[in-house]
Amino acid sequence: MTRKYIALPNGVSEKNFDAAISDFRRVLGDASVLTSAEQLAPYIKTMMPVPDADHTPSAALLATTVEQIQGIVAICNQYKVPIWMISTGKNLGYGSAAPAERGQVVLDLKRMNRILEVDKDLAFALVEPGVTYQQLYDYIKEHRLGLWLSMPAPSAIAGPVGNTLDRGVGYTPYGEHFLFACGMEVVLANGEVLRTGMGSMPNSNTWQVFKWGYGPYLDGIFTQSNYGIVTKFGFWLMPEPPAFKPFVIQYQHEEDIVEIVETIRPLRISGVIPNAVVIAHALYEAPVKAKRSDYVSGPGSIPDEAVYRIMKDHKLGIWNVYAALYGTQEQIDVNWKIVTQAFGQSGNAKILTEQEAADDPAFAYRAKLMRGEMTLTEFSLYNWRGGGGSMWFAPVSQARGSETLKQMALTKQILAKYGLDYSGEFIVGMRDMHHIVDVLYDKTDPEQTKAAYQCFDELLTEFSARGYGTYRVNTAFMDKVAETYGPVQRNVHKTLKKALDPNGILAPGKSGIR
Amino acid sequence: MKKRKLKNLQFGFALAIIFMMSNVWSAQEEKNNTGFAWKDGAEIYTKICAYCHEAQVGPQILNRELPAAYIRAVVRNGNRAMPAFRDSEIDDESLAKLADFISKKEAQH
Numbered sequence: 342m343t344r345k346y347i348a349l350p351n352g353v354s355e356k357n358f359d360a361a362i363s364d365f366r367r368v369l370g371d372a373s374v375l376t377s378a379e380q381l382a383p384y385i386k387t388m389m390p391v392p393d394a395d396h397t398p399s400a401a402l403l404a405t406t407v408e409q410i411q412g413i414v415a416i417c418n419q420y421k422v423p424i425w426m427i428s429t430g431k432n433l434g435y436g437s438a439a440p441a442e443r444g445q446v447v448l449d450l451k452r453m454n455r456i457l458e459v460d461k462d463l464a465f466a467l468v469e470p471g472v473t474y475q476q477l478y479d480y481i482k483e484h485r486l487g488l489w490l491s492m493p494a495p496s497a498i499a500g501p502v503g504n505t506l507d508r509g510v511g512y513t514p515y516g517e518h519f520l521f522a523c524g525m526e527v528v529l530a531n532g533e534v535l536r537t538g539m540g541s542m543p544n545s546n547t548w549q550v551f552k553w554g555y556g557p558y559l560d561g562i563f564t565q566s567n568y569g570i571v572t573k574f575g576f577w578l579m580p581e582p583p584a585f586k587p588f589v590i591q592y593q594h595e596e597d598i599v600e601i602v603e604t605i606r607p608l609r610i611s612g613v614i615p616n617a618v619v620i621a622h623a624l625y626e627a628p629v630k631a632k633r634s635d636y637v638s639g640p641g642s643i644p645d646e647a648v649y650r651i652m653k654d655h656k657l658g659i660w661n662v663y664a665a666l667y668g669t670q671e672q673i674d675v676n677w678k679i680v681t682q683a684f685g686q687s688g689n690a691k692i693l694t695e696q697e698a699a700d701d702p703a704f705a706y707r708a709k710l711m712r713g714e715m716t717l718t719e720f721s722l723y724n725w726r727g728g729g730g731s732m733w734f735a736p737v738s739q740a741r742g743s744e745t746l747k748q749m750a751l752t753k754q755i756l757a758k759y760g761l762d763y764s765g766e767f768i769v770g771m772r773d774m775h776h777i778v779d780v781l782y783d784k785t786d787p788e789q790t791k792a793a794y795q796c797f798d799e800l801l802t803e804f805s806a807r808g809y810g811t812y813r814v815n816t817a818f819m820d821k822v823a824e825t826y827g828p829v830q831r832n833v834h835k836t837l838k839k840a841l842d843p844n845g846i847l848a849p850g851k852s853g854i855r
Numbered sequence: 065m066k067k068r069k070l071k072n073l074q075f076g077f078a079l080a081i082i083f084m085m086s087n088v089w090s091a092q093e094e095k096n097n098t099g100f101a102w103k104d105g106a107e108i109y110t111k112i113c114a115y116c117h118e119a120q121v122g123p124q125i126l127n128r129e130l131p132a133a134y135i136r137a138v139v140r141n142g143n144r145a146m147p148a149f150r151d152s153e154i155d156d157e158s159l160a161k162l163a164d165f166i167s168k169k170e171a172q173h
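In order, the protein sequences belong to chains A and B.
Per our numbering, the very first residue in the first sequence carries number 342; after that it's consecutive.
Per our numbering, the very first residue in the second sequence carries number 65; after that it's consecutive.
These are calculated hints, taken from the structure and not from any lab test.
Note that this is a predicted model, so its numbers are computed, not measured.
For glycine and all other residues, C-beta sits at the position ideal for the given N, C-alpha and C.
All clues given are correct.
Listed next, the stretches of chain B that the computed footprint assigns to chain A, with coverage defined by at least 3 CB atoms under 8 Å from CB atoms of chain A: (1) 107-117; (2) 131-142; (3) 149-163.
Mimicking BS3-like on lysine-lysine, the simulated pairs with C-alpha atoms at most 25 Å apart in a straight line are: (4) B:111 x A:709; (5) B:111 x A:482; (6) A:691 x A:656; (7) A:482 x B:103; (8) A:678 x A:586; (9) A:630 x B:111.
Bound conformation, chain B alone (with noise of 0.2 Å):
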């Protein structure tokens, strides 16, 4: 049990000393690019949503005029076979977008 104990100790004391010291590979880190974001609607429904909605995997949605607020709930929870997809993949602002793009009139496309 002590000695578990002083194990743990020294495990913290460890992390202490590598914190303090930061790290010397993160600090070579270069933020030479910053990540991915999406453009619009469109893109996010030509590279994800697309792939099964056009494609007689999953169901027409374009041209159906569905309710923005009912495609976020889909979008968030998933339905069924089609999985959910987080604000980490498609941010609240994006699925917005999306909602509206998805929600238009055909002639709007």
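If we strip away everything but chain A, and leave its shape as in the complex, we get (with noise of 0.2 Å):
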């Protein structure tokens, strides 16, 4: 530990870290340059089971223009210092805004917040990554534009520019976020900035409406990545339907998201149900309605006994499925009939729509997300065990009903070891469903946060040896991840690496890449 500064990056020297603070200083100007503990405060804390030392920055850049970037990079090449990018910081669960190693230099993009276009017509936007969704919702209200916003839960402090390049979902028909980005500019390590697709092309007007330019398709290697700083980014936006149809449907034994998934499945692939849909266990959704300590106390992981009881007070099923409908009122009432012939056929399923369930708290915020409305509501889940911990478990499932049914026991056993509980859902992509776990724990209690740590370690290892690959993890856990992908697939990734950034001053650590 030093004086001056509360950290120091890996391998730089006190003195060349003054000089490169220095500079930092000549192109941003005093005030946009942090290094005092005080100022840092906000970008140590993290709900991982670590130490917040692990994750100290040793300082952090506010920069607003592409201009400061390329003067920053000079900077880090000259010093080899390493930055962290972040765009609004708020990835809650996966390591919020601290960097992967101790000592990084955190690049907050968050004061790069213009809205430089949104397209009523075309329906797409052009952002840079400080912009929020908040910020964003607000701006198409403003103006009129009936287009809707497809966002994660932590929406209205999160932004569309972070989510997307860490490859997030979100809960509308656009909810597979990268499918629907079109067109980047990226400052490299070298200064040069790339505008992906047609934006490569001088006088373009189709930057944002054609995703693949011409040649290699080269944004896929921005995102989880480490190989540029995206600095403008464009997305394309639904417009608004005529109407809107949220519903849920419960099941009561956790035997039964087979039944479920097969259902679904055809009609997610058909398109008769255009969204996202999430399969929620009883537990993801208990805490906007339940108090854990009303039920069970003490240690270990919560009963199937106190669930049901959980279920029963609360008018929750075991699974609840949340999905919607969009379009003109015939359109849902042709798809609204094959859904219900559909989920009706076995009797298992209990169907509500808005008439029985508007007043619903836990109906009322999924219905706000599947519509692009700000929400934080789920972030009631932190109330379920208190004191902060939480990382997401969130391994990738084909959407076939068995597959479902052993993740989910799988899940719940090692959990169950570790004393936790499985506060899980599925969120359906087309073929795919993201199973996504908010391991929850108690980061005042060293107990409880080394066991988390071990629990999620275990969850990795017994689900990559079977074969299921995680599709993002917090930054405690990237190397592990990106081990399970095997030697060939990383070393293209160090291949890719070293040509763009051979000097590795470019969040080196992310998705394991150095």
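Since each chain comes alone in its own frame, lean on the hints to assemble the complex.
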């Protein structure tokens, strides 16, 4: 620990860091280069079960222009100072705003927050990294553009650039966000500015409407990566439909997940249900309505018997399938008939619409997410255990009933071993499911924190041993997940890294890439 | 080893050229609008705090005459599950307005 800085980048002397900081100040001005403990405090807090000291930054830089970022990367190359890029910094449960490695300098792009264009006719937006969903939502409302957003549950305080670059998902028909990305501007480690796709051509007006451009498609290598700094980002927006019908289908037995998935898959693939459907376990929804302490006390995971009491008391299914229909009323009427017939066949499903469930707080926030309205109600999850500990365990599953049952049972078994609850949901893609489990624990309790770390490690080990890959992970486990995808992919990632960032200044460690 | 040094030199040279030339795209970049700025404490409360603190996710914080210094400390450091908010999200001046808004008595809202 040095006196002048709360941390130093790995392998950088204090003298060299002094020089780098001085140069950063020249580019950004004194007020935009943060080095004191007080200024850096908000960058340190994470929800991960590791010491905050492991992820303490040495400084934070508040850049607002491409030219400033070009200046920053030049300085970083000169002094071999690594930077960790954040946009809104609200990747909660995945590492928040803290860098992957102690001593990295955070390049905070939150103030780079201009909405550059929203095209009503072609339904696209071009924004900078610091734009939040709330900001864009307000802009669209103010200008009466009739467009809907798709965003993750931390909606208002998160933003489309960071979420999409980390390949996050939302809950509308545009829920697989990277599918709807169209054109990026990227500052490379050598200071060059690349515009991907049609953006590379001077005077092109198709940057945000045609994704592919000419030659190899490059946008993908700037997601979940550290090959460049995305400074502008284009994506498609959904035209507001004339009608919207959210609904929930409840089931009473965990084994019913097989029937649910087998029923949904054809409806989802054919587009009858167009949105990213969520199959939420009772314990994912319970925190909106119930307190854990009212049902169980002491150590250990919550027993099934208590979960059934929660379901009964709070009108929840063990599985709660949230989906919606979008379109004209006529289209919705036709599709509703197909949906109710499909789910009605077995007699196991209880179907509720706004008519029956509008006042239900769980239904209300899910309906908001499915129509791109701002809500942070899902944060109720954090009250379940309390203490601010959370990691998203996010394996991918086939959209096949037998697979989802296997994944759920394995997750529940491993969590129970460490005294933790299964707060899980499946977000249904076309053919895949993001199995999302909030590993909740009390970070103020050292024993539970240790158990949470070991539990997460075992989840990754056991899932990868069975061929179940993780799509996204917090910064404490990125190397472990990268390892599960095998040496050839890691080598390719490394080769690209060396070619694009030979000094390794951009976010070393992101997705296990150095 | 030598090869590596040479590569780094070439890289540095490329950097120098790029900065000398400036950049085609950034030169085209028009400052057609300025970035986002908060209007007042009420707006910040409505568009950040209220989503939890008016939705039974976080505790009620209005009308409790919470000290402004306490509010500023919690916003900057977070508290258990509540995330910390950085100066880049809510600048010091706006945070002072927010703290003032939250700590006021009910009649003044």
